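Under our numbering, think of the first position of the sequence shown as 20, with each following residue one higher.
Source of the hints: derived by calculation from the structure; they are not laboratory data. Note that the structure is a prediction, hence the values are computed from the model and not measured. A few of these clues could be false.
[Unchecked claim] Calculated pairs, BS3-like style, for lysine-lysine (alpha carbon to alpha carbon, straight line, at most 30 Å):
#	residue 1	residue 2
1	LYS105	LYS122
2	LYS119	LYS105
3	LYS98	LYS84
4	LYS54	LYS77
5	LYS105	LYS91
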Amino acid sequence: MDKETKEGFENVTREFENLAWIVQGGFLELRTELKGDIAALDVKVSSLDAKVSQLDDKVSDLDVKVSELDFKVSELDTKVVSLDAKVSRIDRRTEHQHRKYAKQGNPG
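Using the sequences and the accompanying hints, generate a full structural model.
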């Protein structure tokens, strides 16, 4: 191989080595940036996990309160049914008394 060809190969080899260093440096820089981005995302995910956990606790508290309210509503429904029955009995007695007085000739 003549001197000119040998120097050409050496120049090409150096250029490829330089290019390899540039590419490797770029990858290292990109890797460092990605590590930083991943760390920032991990912090955000941890924060979101904490918020989700708090919301889960609040939902659980609300579920308990809803159950308590359901029980109270059920108790009130029972009382309303009982009061309706009492009102019906009073209405029947009042109606009976009106008929009794009407038979006796007293206006009701």
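Checked hints:
no. : hint              : verdict
1   : LYS105 <-> LYS122 : 26 Å, holds
2   : LYS119 <-> LYS105 : 21 Å, holds
3   : LYS98 <-> LYS84   : 21 Å, holds
4   : LYS54 <-> LYS77   : 35 Å, violated
5   : LYS105 <-> LYS91  : 21 Å, holds
Violated hint: 4 only; the structure is consistent with all others.
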